[in-house]
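Asker: Position chain B against the provided structure of chain A, taking the given hints into account.
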Amino acid sequence: DTGVSQDPRHKITKRGQNVTFRCDPISEHNRLYWYRQTLGQGPEFLTYFQNEAQLEKSRLLSDRFSAERPKGSFSTLEIQRTEQGDSAMYLCASSSSTGGDGETQYFGPGTRLLVL
Amino acid sequence: ILNVEQSPQSLHVQEGDSTNFTCSFPSSNFYALHWYRWETAKSPEALFVMTLNGDEKKKGRISATLNTKEGYSYLYIKGSQPEDSATYLCAFESGGSYIPTFGRGTSLIVHP
Numbered sequence: 001d002t003g004v005s006q007d008p009r010h011k012i013t014k015r016g017q018n019v020t021f022r023c024d025p026i027s028e029h030n031r032l033y034w035y036r037q038t039l040g041q042g043p044e045f046l047t048y049f050q051n052e053a054q055l056e057k058s059r060l061l062s063d064r065f066s067a068e069r070p071k072g073s074f075s076t077l078e079i080q081r082t083e084q085g086d087s088a089m090y091l092c093a094s095s096s097s098t099g100g101d102g103e104t105q106y107f108g109p110g111t112r113l114l115v116l
Numbered sequence: 001i002l003n004v005e006q007s008p009q010s011l012h013v014q015e016g017d018s019t020n021f022t023c024s025f026p027s028s029n030f031y032a033l034h035w036y037r038w039e040t041a042k043s044p045e046a047l048f049v050m051t052l053n054g055d056e057k058k059k060g061r062i063s064a065t066l067n068t069k070e071g072y073s074y075l076y077i078k079g080s081q082p083e084d085s086a087t088y089l090c091a092f093e094s095g096g097s098y099i100p101t102f103g104r105g106t107s108l109i110v111h112p
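As given, the protein sequences belong to chains A and B, one line each in that order. Residue numbering for the first sequence follows my numbering, beginning at 1 and increasing consecutively. Residue numbering for the second sequence follows my numbering, beginning at 1 and increasing consecutively.
So here's chain A without its partners, still in its complex pose (with noise of 0.2 angstroms):
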């Protein structure tokens, strides 16, 4: 078990541009999160799967911004269009919902975008 991982660790765009990026979490968990991090806030919540299955998006989640996984293993968030104010960390976590460990989450080390 490698733990989460997510790519790219860093991303430069300019603005009007398009972004992706993967995370891929530990393999036996089924829920998979997406936070963003701005500077000197905690990490907001964006959206979750349970498997394939997303369950919840916040009113964060401008229509530019759209997350899948497909197989209920890999997922990817895209934000199309993007604006300086979408700079940010974009960290993924997962978890099991079998409870084993309370829920925790574990997290990736982030994607860190810069929109110019």
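Counterexamples of contact, computed for chain B against chain A with all Cβ distances above 10 angstroms: (1) S7; (2) H12; (3) G16; (4) S28; (5) N29; (6) K59; (7) Y74; (8) H111; (9) P112.
To be clear about the criterion: a stretch of chain A counts as covered by chain B if any three or more of its residues have a C-beta under 8 angstroms from a C-beta of chain B, and this derived list gives those stretches: (10) 41-49; (11) 104-114.
A few chain B residues that face chain A, going by a derived Cβ cut-off under 8 angstroms, partial list only: (12) H34; (13) S43; (14) P44; (15) A46; (16) V49; (17) L89; (18) F102; (19) G103; (20) R104; (21) G105.
These are calculated hints, taken from the structure and not from any lab test. Quick caveat: nothing in here was measured; it's all calculated off a predicted structure. Where a beta carbon is used, it is the ideal one built from N, C-alpha and C, also for glycine.
Answerer: Just chain B now, kept in the frame of chain A:
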């Protein structure tokens, strides 16, 4: 919107000092309280998940207590070491949600 507050925002201590931080959260509809440690350039690491009023958890020199009736949790570090330097985050889960609300964190710097 759930209000999760952490204090202090930042803390500088000398090696060997003991320290503590506070996380306050809504006292109604409590499900769980999580503590994480986030070192620079690393993934946030789970320290504790606490579910019962009066819970006390310990991991090495770090311990945490929970009071769900008054809506607060304390994290204690005994004999701080430079490697304890990190941001400590708490996250509150309300009943039936599965979605934690994070505080802004307490940034701890331990000086040798």
